[in-house]
Amino acid sequence: MSTETSVNLDTYLAQFELLQSTREVADAPASIRQLRQEAMTRFSQLGFPTTRLEDWRFTNVERIAKSQFELADEATVSAAQFEALSFSTLSGPRLIFVNGRFAPALSNTDGAIQAGVTVENLGHALTKQSVQLEPHLAQLTPYRDRAFPALNMALWQDGAFVSVPNNTTLNEPIHLLFISTAPSKAAATYPRVLVVLGENSRSTVIEEYVSVNNSPHFTNAVTEIDIGPGSTLDHYKVLSENLAAYHVASSNLRLGRDSTTRSTSVTLGGSLVRNDIGALLRGEGAECTLNGLYLADSDQLVDSHTTIDHAVPHCNSHELYKGVLNGHGRSVFNGKIIVRIDAQKTDAKQTNQALLLSEDAQINTKPELEIFADDVKCTHGATVGQLADDALFYLRARGLDEAQARRVLIHAFANDVLSRISLDSLRAYLEAALLKQLPMTGLEARA
Amino acid sequence: MLEINGLRVSIGDKEILKGLNLQVGAGQVHAIMGPNGSGKSTLAGVLAGKPDYQVTAGKVRYQGKNLLDLAPEERAREGIFLAFQYPVEISGVNNAYLIKAALNEVRKHRGESELDAIEFMELAQKKLELLAMDSSLLNRPVNEGFSGGEKKRNEIFQMAVLEPTLALLDETDSGLDIDALKIVAEGVNALRNSSRSIVVVTHYQRLLNYIIPDYVHVLSGGRIVKSGKKELALELEEKGYGWIENEAAEIGA
Chain X
140 MSTETSVNLD TYLAQFELLQ STREVADAPA SIRQLRQEAM TRFSQLGFPT TRLEDWRFTN
200 VERIAKSQFE LADEATVSAA QFEALSFSTL SGPRLIFVNG RFAPALSNTD GAIQAGVTVE
260 NLGHALTKQS VQLEPHLAQL TPYRDRAFPA LNMALWQDGA FVSVPNNTTL NEPIHLLFIS
320 TAPSKAAATY PRVLVVLGEN SRSTVIEEYV SVNNSPHFTN AVTEIDIGPG STLDHYKVLS
380 ENLAAYHVAS SNLRLGRDST TRSTSVTLGG SLVRNDIGAL LRGEGAECTL NGLYLADSDQ
440 LVDSHTTIDH AVPHCNSHEL YKGVLNGHGR SVFNGKIIVR IDAQKTDAKQ TNQALLLSED
500 AQINTKPELE IFADDVKCTH GATVGQLADD ALFYLRARGL DEAQARRVLI HAFANDVLSR
560 ISLDSLRAYL EAALLKQLPM TGLEARA
Chain P
2 MLEINGLRVS IGDKEILKGL NLQVGAGQVH AIMGPNGSGK STLAGVLAGK PDYQVTAGKV
62 RYQGKNLLDL APEERAREGI FLAFQYPVEI SGVNNAYLIK AALNEVRKHR GESELDAIEF
122 MELAQKKLEL LAMDSSLLNR PVNEGFSGGE KKRNEIFQMA VLEPTLALLD ETDSGLDIDA
182 LKIVAEGVNA LRNSSRSIVV VTHYQRLLNY IIPDYVHVLS GGRIVKSGKK ELALELEEKG
242 YGWIENEAAE IGA
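Protein chains in written order, with my numbering: chain X, 140 to 586; chain P, 2 to 254.
No wet-lab data here; the hints were simulated from the structure.
Hints should not be assumed to be uniformly reliable.
Claimed, not checked - For the chain X half of the interface with chain P, some residues (derived, Cβ under 7 Å), not all of them: (1) Phe532; (2) Tyr533; (3) Val547; (4) Ala551; (5) Asp555.
Said to hold, decoys possible - Going by beta-carbon spacing under 8 Å, a handful of chain X positions derived as facing chain P: (6) Asp529; (7) Ala530; (8) Arg535; (9) Ala536; (10) Arg537; (11) Gly538; (12) Leu539; (13) Asp540; (14) Phe552; (15) Asn554.
Glycine residues also receive a C-beta, built at the ideal position from the N, C-alpha and C atoms.
Next up, chain X with everything else stripped away, as it sits in the complex (with noise of 0.2 Å):
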């Protein structure tokens, strides 16, 4: 008898029974309700993906299937708890999630949203512009073979809604905020983020994930991205969430005619950390950035899952992914280019480096290059490498020590990412997060 077939879903058909008598899944249109009825019925036939599935060999889900995971319960935090684990500096609007549910009096909207953009939870939007909201939910991530999401589009509750209406240039960044607190029992959340760009515009998004005590829970995120001809957006995904944390995501964005993203992901916490994302650039013209940051010390596993696809011509990609990693620490970066047969003229860029620095860190990487078109030029490289014992030399005939060295060099290599950050405040936190995670990265690889 196999394993796999042991794992019972029972407990997530029950809280899905559970959740169609609440007000945001009764009062949603019909349409929602059926697509959540549809994904349920999906993950159920799918169950948790095994190692046995190409895009899940290195990545093994058990501890998430056999955790029998419930609806985190609702909780507080207060300002404090949270301001002290996120980037809390902004003035613009804020959508904080607690334990998946959206918090009003801690979030920030009255007066905070420029007039005709929207910025709002989206179980709540869903009741009232569910004719703005259709064409794009659920439509950049398809669920009929990946269980996450099909899991996250039958169990959501709360997420953040954010639409920007054409030739509008929001002044400040919007920061979306999932808190997990201190779960009595295996709790897991499903945040769900919408946002859509009109033409001509430009935004930055911050999403960004932490807990406030140690206890294991799960995420299992959704992100969904349409980005409207002409338009700009920066987007980030920060994710901190404690040593104990699962966190599964799936980020898609849809680029249009002459849109640009430059989307940055920095993974400094979590046990298992997986990141599919997904850029479509359908427009001729489109430029998309994908890159990422992530740390992986003792037992963490980072597993990072790109795909760009180059849907029609004269687009172009750049992405660029680095981790650092230490003590068991695990990575796994997988970076699909798909360039269609009509997309000639694509200009994709690929790099991947790793920086090992204890023997039993490991990394698979992969570039998976799909090329159908014949005038494009595709470049991808991966390094895996230690640190440069010349260059610690150099630094050390100069007068630092060598833990100071190490630590000079690591953050180099790693700030190298974060340097390409346009948001000041944002890499400037980021920088200091880096810096305080560091001496925990290196300084006892050697010991």
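Once you've looked at the hints, dock chain P against the given chain X.
Chain P in isolation, oriented as in the chain X frame:
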């Protein structure tokens, strides 16, 4: 200042220095010359504490201390500076950041106050002028994308900022055109004083036209086989290294 007695150094199974003796007094400039593979760079590296070398015998005393007991960073803080033959490119580390950190390590060690960013820039600016260096080099990653000449100048610039007690110049002239060579030599000469010693390791006599040494030593087969005044360098230039190697072989026989 520096006293080397019977120094034997190996890399792996291969012995490179085979009982080297050298004394450098305060304020003196010594040139170490010799053919390729004679151990010149090994000598510079082992004095700076490069980890690849095993010292199997001998003693090195620097300002009365047992130099070989000190970690590379401790040697640097004690005033030893190695100008690298091949300066290392370190991407992501700002040149000014490194030099300021290095200077402050030395200052801390001496019990002096650390310089802040403004004080450091004032000092750096003066030293840049000394070496006719573009200030943009300060804000670039250490040696990254520098031309060969820029890298060597950057080494001497660091030396000028750090004001070492004992400077080791490892083939600083290699890869420099004559104009750059003159500038680098002027930079070095400006640092000459009665308390600072300089050891210039070079294959060619050319650099010694501009940095006039007090003593010249010929390193061959892991030992100093001949020492003399600056005229020895000219003799070597004229006759090559062959005659000295022969002479050494005869003495050894």
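How the hints compare with the structure:
no.	hint	verdict
1	Phe532	6 Å, holds
2	Tyr533	4 Å, holds
3	Val547	6 Å, holds
4	Ala551	3 Å, holds
5	Asp555	5 Å, holds
6	Asp529	5 Å, holds
7	Ala530	5 Å, holds
8	Arg535	4 Å, holds
9	Ala536	5 Å, holds
10	Arg537	4 Å, holds
11	Gly538	4 Å, holds
12	Leu539	6 Å, holds
13	Asp540	5 Å, holds
14	Phe552	6 Å, holds
15	Asn554	6 Å, holds
In this structure, every one of the numbered hints holds.
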